[in-house]
Each structure stands twice: as C-alpha cells, then as structure tokens.
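As given, the protein sequences belong to chains A and B, one line each in that order.
Numbering of the first sequence is given in my numbering, commencing with residue 110 and proceeding in unit increments.
Numbering of the second sequence is given in my numbering, commencing with residue 374 and proceeding in unit increments.
Quick caveat, the hints were computed from the structure, so don't treat them as lab data.
The structure presented is a predicted model; accordingly, all values stated were derived computationally and were not measured.
Rough simulated footprint, nothing fancy, chain B against chain A, three-plus residues with beta-carbon under 8 Å: (1) 228-240; (2) 261-275; (3) 426-440; (4) 447-457.
Even glycine gets a Cβ: it sits at the ideal position worked out from N, Cα and C.
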Amino acid sequence: MTRPVCVLIPLFVAACASGGAVERPGSAPAPDAPPGAISRPNADPFPSTYAPPAARPTVIRNVVIHTAAGPRIPSGAILLRDGKVAAIGATVDAPADAVVIDGRGRHVTPGLIDTHSHLGVYSAPGGPALSDGNEATAPVTAHVWAEHSVWPQDPQFPRLVAGGTTTIQVLPGSANLIGGRSVTLKVVPSRSVQGMKFPGAPYGLKMACGENPKRVYASRGPSTRMGNVAGYRAAWIGAERYRRQWDGWLEKRAGDPPARDLNNETLAEVLRGNILVHNHCYRADEMLQMIDIAKEFGYAIRSFHHGVEAYKIADVLAREGISASIWSDWGAFKMESLDGIKANVGLTHAAGARAVVHSDDPSYAQRLNQEAAKSLAAARAAGLAISEDEALRWITINPAWALGVDEQVGSLEVGKHADVVLWSGDPFSVYTRADMVWVDGVVRFDRADPAQRWRTDFELGYVPTAGGDR
Amino acid sequence: MPIRTAVPAVALAAALLVPAGFASAQAIAITGGTVHPVSGPPIENATVVIENGRIIAIGTGIAVPAGARRIDARGKWVTPGFINAATSLGLSEGGGPSFSGGYNDASARGADGIAASFAAWRGVNPVNTLIIPARREGVTSVVVAPSGGMIGGTAGLIDLVDATSASAMLRRAPTAMVGNFASPGSGQTGARAELWARWQALFADVRDYAARRAAYEAGATRDLGARRADLEALVPVVRGELPLLLTVNRASDILAALAFAREEGIRLWIEGGAEAWQVATAIAEAGVPVFTGAMSNIPGGFDALGQRQENAAMLRAAGVTVVLVGNGPGDPESFNVRNIRQEAGNAVAYGMAWGDALRAITLAPAEVLGVADRVGSLQVGRDANLVIWSGDPFEFASVAEQVFVQGRTFDTPSRQELLTERYRTLPPDYRGP
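Could you build the full structure based on these sequences and the hints that come with them?
Okay, structure coming up:
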C-alpha cells in the first residue's frame with residue numbers, strides 16, 4: 110500500500126500489528142476465553158472468506174487513466190498483479206506472463222463504489238419472500254445485521270459489476286430510527302455473503318431521520334420528529350451505560366461479565382469509534398440536530414445519506430468532516446425531499462465537503478458514472494468550476510472514505526486493490542459502457558466474452574441469454 | 374441551464390399567472406446551426422424562421438426576414454422539442470396526502486379496478502414546480518397518464534407552456550385508454566386467464582351498452598360490468614377509435630394481448646414490454662407500437678425476467694415503432710421527465726441508431742399520438758416546438774440553451790433554480806456557526 114493503513118485508520122491498528130483478524134484496542138479477550146463465552150465487541154463472528162482467485166498479471170496500456178488520486182494520465186499504462194495495482198504511469202514493465210490489453214481510445218478508472226445499496230436485502234425478482242431490508246418491528250433494531258439478509262444469488266449483483274461498480278455498502282432500510290448494521294461487499298460471485306465481504310472493512314450503522322420512522326411507527330411511536338430525537342437519545346443513553354459496564358469489566362476481567370445485549374453491543378462499538386454511522390436524513394435542520402446528538406454522545410457521523418438539502422449546510426458538513434451521500438437528481442417524491450436540486454453534489458463539493466454520488470437503486474448503481482456526469486453538468490450550469498477529475502472522486506475515493514476503505518480502494522495507486530474498469534470511452538459520456546471490470550485483479554466482467562459472464566444461480570433457466578449481452 | 378438571478382416574489386407570482394413568453398408576431402431567425410428536422414436528414418448551417426408560433430421557413434440559403442430577431446446558432450444543434458410520452462407530470466409533488474402530505478392526482482379510485490372515465494390530465498396543476506425543469510432540458514410536450522388499476526383512465530398530451538389551467542396546455546385528449554396487465558396472479562388482480570376473461574366480458578358489456586343505450590337508461594338491461602361513465606368512456610376503445618395502451622411485460626402475455634386486440638378489433642399500444650424483444654416480429658407484424666425505455670435490465674418480477682437494455686434497439690431493428698419513455702429508475706414520470714434524453718442516449722449505447730433514438734422521442738410519439746402534423750419534426754407549417762442545444766442533446770454536458778414551445782420562450786425560473794441561487798452564496802441570515 111502507498112501508506113501504512115495503521116497510521117491513518119485507528120480501526121486497523123491491531124490488524125496492522127498482527128496481520129490477522131481485526132482486533133481493536135482494549136478489547137482483546139483473555140487468551141483462555143472460549144469463543145462466544147463473553148462479549149467480544151471486536152469479535153468477527155461471520156468473518157469474510159473472500160479471497161480472489163489467482164489471476165495472470167494484466168497490463169492495460171495506451172489508455173487514458175483517471176486515477177482519482179490526481180490528474181488524469183492522458184496516455185498511460187497500469188499493471189495489475191497479485192490482486193493489487195502493481196505499477197501505474199506513462200508506461201509500465203509488462204511481466205512475461207502478463208495479459209496485455211491495448212486500451213487505445215478507451216479510459217480506465219478505479220472500480221466505482223456505492224455507499225447506499227440494498228442489493229441482496231431487496232433482491233430481484235422482488236416480492237415479500239425477498240423483502241429483507243427493514244426489520245420494522247421496533248424503532249431501534251441495532252441488533253440486526255444486513256449481511257444476514259443478503260442473498261448472494263440476487264441477479265442484480267452481476268448487473269452492477271457490468272456497470273463498473275465493484276464495492277457497495279448494503280444497508281438496512283430506513284423504517285427504523287436505528288436500523289442495524291450495514292455490510293461492505295465486493296461485487297463478486299459467491300455461495301455466501303461471507304464470500305463477498307470486503308476483508309477488514311468496518312461495519313456501518315444505519316440510522317434514519319424524518320418521515321419514514323414516524324410514519325412506520327405512527328401508532329406506537331415515535332410519531333413525530335421530536336419523538337424520533339427522543340428515541341435516538343434514549344438508545345444512546347442505554348448504549349453508553351452498556352459500554353461503560355463492558356469496558357470496565359474488560360479492563361479488570363474480574364467476576365461475571367455483564368450480560369450481552371446485541372443491540373447495545375453494536376451501539377457501544379459506535380461509541381468506541383469502531384462502527385461508522387450512516388445516517389439517512391433529508392432536511393438540513395434535521396441533519397444539524399443529528400450532529401448535535403452525535404456530539405452529545407461522543408460519536409461521529411461518517412455520512413449523511415440522501416441529504417437532498419446537504420447543499421444548505423455544506424459549510425457545516427465540511428467543518429465537521431461529514432460526507433454527504435446524495436443523489437444526482439431525485440426529489441419531490443415526499444415532503445422532506447421537496448428541495449432536491451441537481452446542483453446539490455456540486456454545491457456540497459464546492460464548499461469543501463466530501464460529496465458522494467450514491468444510488469439507493471439497483472439501476473442507478475449500474476450507472477454511477479452517468480449519475481456523476483449529471484451532477485457535474487448541473488454544477489457547471491450553476492457556475493461552479495469543477496473538473497472531471499474532481500467529479501470522479503464522487504463515485505470513487507469519496508465513497509471509499511465514507512466506508513472506511515479508502516486506504517484499500519477508491520483510487521488507482523500502487524498497492525491498492527486492483528479494482529479497475531476499462532471503459533469504451535469517456536466515462537462521463539452517455540454512450541460509454543464498461544468493457545471490462547476487474548475486482549482484485551480478477552476479470553469479473555468482459556463485454557466481449559459473454560460465455561464467461563457471471564450468472565447467478567437464480568438466472569439459470571430463468572433469465573434468457575439470447576444475444577449474449579445484457 | 375443558465376441560472377437566472379432570483380426574482381422578487383411579487384414578480385414571480387405574476388410570472389406564474391401569465392405566460393412569461395409570448396408568441397411574438399416578430400419573426401425569429403435561428404441561423405447557422407445544425408438542424409435535425411427528424412422528418413429528413415440533418416441540415417448543416419441551416420436557418421429556421423419562426424413567426425406567430427409556427428415554423429415558416431427552414432433550410433439553407435433562406436433570407437432572414439426584415440425585422441426578424443436573429444439567434445446565432447453556429448456550433449449549436451437544433452432539434453424538435455422532445456415529447457415524453459409516459460409521465461404523470463403536473464399530477465404530484467411531495468408524495469400523496471396519506472403518504473407524505475403533498476398531492477397526487479395520478480390514480481383514480483375507480484370501481485373494481487376500472488376507472489375508464491378518469492381523464493388524468495384534467496388534474497394537472499399548471500404551476501407544478503416540476504414542469505419548468507422538464508422544459509429547461511428540452512421537453513416541450515408530455516403525455517399525462519393515469520396509473521393503477523386494471524383500467525386507469527385516459528391519457529392526454531399537453532404542451533409545457535406557462536398557463537393557468539390544464540386545458541390551456543392541452544394539445545390532444547384522450548390519446549389512449551390506459552390499461553394494465555403487469556404482474557397478474559395476485560389476489561388483487563386475478564389470475565392471467567381470469568383477467569383476459571374479464572377484459573373480454575367487459576368489452577362485450579361495452580358493446581352491449583353502446584348498442585342499447587336507451588334500454589340501459591330505462592334499466593332494461595342486465596347488470597353491466599362497469600359504471601355508466603366508464604362504459605361510455607370505453608365505447609371508442611371497442612370501436613377501435615381510441616387505442617388501448619396496455620402495460621404488459623411477459624413475452625407470452627404480449628402475444629396474448631396481440632391476439633386479444635385482433636379478436637376484439639381494437640387498437641393496441643404496448644407499454645413496458647420488458648420481454649418484447651423475444652416476440653418482436655409478432656409485434657412488428659401487428660403494427661403495434663411499443664413505449665419502452667433503455668435503462669432497465671433488472672429481472673424485477675417473474676413477468677420481466679428477460680428485461681434488458683437492448684430491448685428498444687432490438688424492437689426497432691425488427692421494424693417495431695418504438696417510443697422511448699422512461700420506465701426505469703429515478704422517477705422518470707415526474708421529477709425526472711427531463712431525463713428522457715438520458716434514456717435516448719442509453720438506447721444508442723445499447724444498439725439503437727442515433728437518428729432512431731432522436732425519432733423515438735420526437736416524431737415517433739407524434740405520429741403514434743396523431744399530432745405529427747403539428748409537432749415532432751421541424752418543417753414549414755409545424756408548431757415551433759424546438760430546442761437549441763449547445764451540443765449533442767443526449768450528452769450530459771450539453772445544455773438546452775433556448776427552448777421554444779409554440780414559438781415562445783420562457784424566463785420563469787424553476788423552484789430548483791431559485792433554491793440553487795439562494796444557496797450559491799449563503800444569505801446573511803443563514804451564516805454563522
């Protein structure tokens with residue numbers, strides 16, 4: 110890696126030290142404690158089993174490279190080896206056994222990243238049997254984990270990677286004040302969700318403001334925005350007590366440990382800084398209140414999601430270091446989204462905040478490049494001078510940061526994961542399509558080779574292959 | 374999309390009450406642009422002259438009339454205004470009253486899933502704030518259609534002019550009766566074979582009603598399968614005068630719909646048609662147009678397992694008349710009616726010729742809707758619904774620099790533009806920690 114992970118992301122301190130499973134400070138279990146015997150806040154009970162298969166080194170040359178880490182390389186080359194970006198520049202040395210691709214007339218970007226996906230938890234073909242995204246049985250369900258709903262055979266996964274999207278955060282829905290843990294996935298075929306989990310990625314916590322929770326719980330409460338806020342605060346008060354009890358016990362390890370509670374276990378991990386908060390919130394005034402709640406309880410909001418009014422508080426988001434995961438052009442579908450504007454991304458970016466173009470939609474997520482292009486055009490129409498290199502960050506390194514994986518993915522730099530898209534042309538053109546997509550150096554989509562295309566179990570015998578092209 | 378300076382509230386209110394533009398008697402000459410008439414090949418360095426809301430001259434070597442206002446369009450592209458033929462524009466904002474508190478007038482209550490007499494376009498709010506953004510990006514006409522039910526009601530075509538009433542925007546209505554055969558098989562819709570039997574019985578009742586109105590009025594008929602107003606609205610459908618625009622997706626359902634239309638002698642249009650590419654030849658032979666998009670490939674139901682982005686291009690290649698509409702993501706029917714150009718661009722990316730894609734959002738819908746003598750192409754005598762683009766209209770970077778509807782341009786800023794302008798630099802009251 111270009112920079113040591115351990116310096117910049119405290120979450121990975123122990124990982125760097127041990128090179129093994131993620132363990133965090135102050136929480137190492139006693140060496141003789143059997144697994145599951147005590148609450149282990151950093152335990153990883155459903156560990157990632159994802160390991161990319163071996164692949165030949167690959168060189169793409171004579172290609173425009175958009176690195177998302179600096180200015181584009183007008184005619185460059187990139188070497189993918191052992192799952193990583195091994196070299197990048199005007200030219201690279203191709204190993205003897207390398208697959209060499211002439212990218213003349215084409216463009217390369219990092220694999221695109223979507224901070225807001227419900228793939229696998231709201232799988233196609235849809236219907237009640239596959240509606241697994243909202244545990245709408247109580248307003249606070251921090252005990253549920255999105256990964257336990259993810260169906261790896263959701264036929265939307267291969268369509269995503271065909272659009273150049275290689276990393277996604279799958280979130281619970283927004284029915285609840287606190288909806289549960291998210292999971293970050295590589296978009297790869299697997300029999301299990303564990304086989305898709307992005308190794309070492311921190312968990313996220315889904316929270317939701319506004320209309321959705323108060324509508325869903327109107328009869329039992331909360332039924333108002335003030336009820337929503339009381340609900341968040343009550344949850345954090347309980348979580349803070351739990352964290353104190355457990356941290357105190359973990360320090361001394363004397364006597365019986367406190368009782369485990371899955372809900373508070375997740376919330377306590379947020380308070381310890383180990384789980385990142387992703388907060389569905391449309392209105393500016395509500396986002397500002399959520400920032401105060403975070404300060405009251407000492408946690409950080411990593412990203413506001415949907416944030417159709419992010420542009421109204423972009424200066425605050427910049428100052429507080431909170432990213433905004435927002436649509437290019439959605440709004441007015443409910444009252445709290447009335448003020449959606451196409452310049453949202455541009456104005457947020459221009460104020461110095463981290464802007465992220467997200468999807469919340471299985472089709473938009475296949476065209477994040479087009480979504481960024483619309484936002485770029487709207488920003489320029491609003492008089493903002495933003496380059497394509499900057500706009501690319503909205504769908505690459507900025508979402509990588511929001512997910513806490515920006516040291517591994519999101520830009521093309523030596524040592525980072527070889528998640529790469531070869532585009533048929535300018536990625537900001539409507540006519541451009543992904544020609545090839547690599548995840549960790551492995552070809553996961555090749556437009557020219559339909560026979561090898563990833564088809565989920567569900568698609569076999571159900572979804573026709575005629576034409577060999579999606 | 375140039376950002377206008379925010380106008381005072383009083384001026385804005387006034388602008389909403391009267392047309393901001395006007396069909397000037399003064400001629401307008403758009404010179405030097407590359408004109409795409411759609412009815413013929415592109416014309417480089419062409420002049421288009423507009424007067425009294427109409428195109429009075431088009432081509433090269435045309436003298437600019439004395440006193441005409443000149444618009445220099447060198448380096449620009451000139452196209453007909455786009456027609457988005459599947460919208461609910463003007464019918465909703467802020468989500469429905471029970472859902473969120475806004476308004477939504479797209480679905481009638483009807484009776485037993487039948488609301489044939491519901492003319493959705495009558496509910497268009499002419500000051501709906503999503504109309505101007507659609508026009509800003511080159512959409513000059515839209516079909517306003519009802520949604521929901523077995524028969525949702527009738528659709529109408531409106532022009533996106535500033536007006537105080539829906540009827541002042543109307544170009545043609547009804548354009549079609551809107552029906553639905555998507556995702557049958559639930560308790561609410563009934564099973565497939567039951568549904569077709571229901572359609573047949575209903576149409577028999579409509580014929581019965583039409584043939585024996587006096588007896589019906591005298592109460593001397595058996596019970597008929599719909600309310601009187603709905604029976605009446607369906608009479609032109611069973612007579613083959615008013616098309617049935619049927620949402621139908623599964624390939625075998627499409628074939629069944631073609632057979633039904635043949636047996637009943639009705640005019641059929643297909644909307645959605647997720648698997649239409651699998652039966653493209655049959656659709657072409659039946660002369661049935663398909664309203665579909667190019668941005669959907671999710672097998673989002675067992676009647677759409679074959680959904681793919683090449684659908685529109687494959688239908689076109691088979692000789693089917695394709696009307697490109699947004700039937701995919703991103704609220705293409707309301708907030709993003711403007712994204713019809715993205716739909717067209719994606720159709721090109723997935724195999725359609727550029728000229729066919731332009732046609733599919735201009736002249737093709739005009740022909741299908743029966744208004745090609747007025748809009749959809751740039752020809753002498755046609756209404757001046759046209760757009761001057763900074764570049765290829767399907768590309769995101771291109772801007773609709775001037776949009777003419779019936780020869781008028783419009784200065785009223787959209788609500789979205791007003792918000793953008795307000796927050797481009799924070800107002801003093803909003804500054805601070």
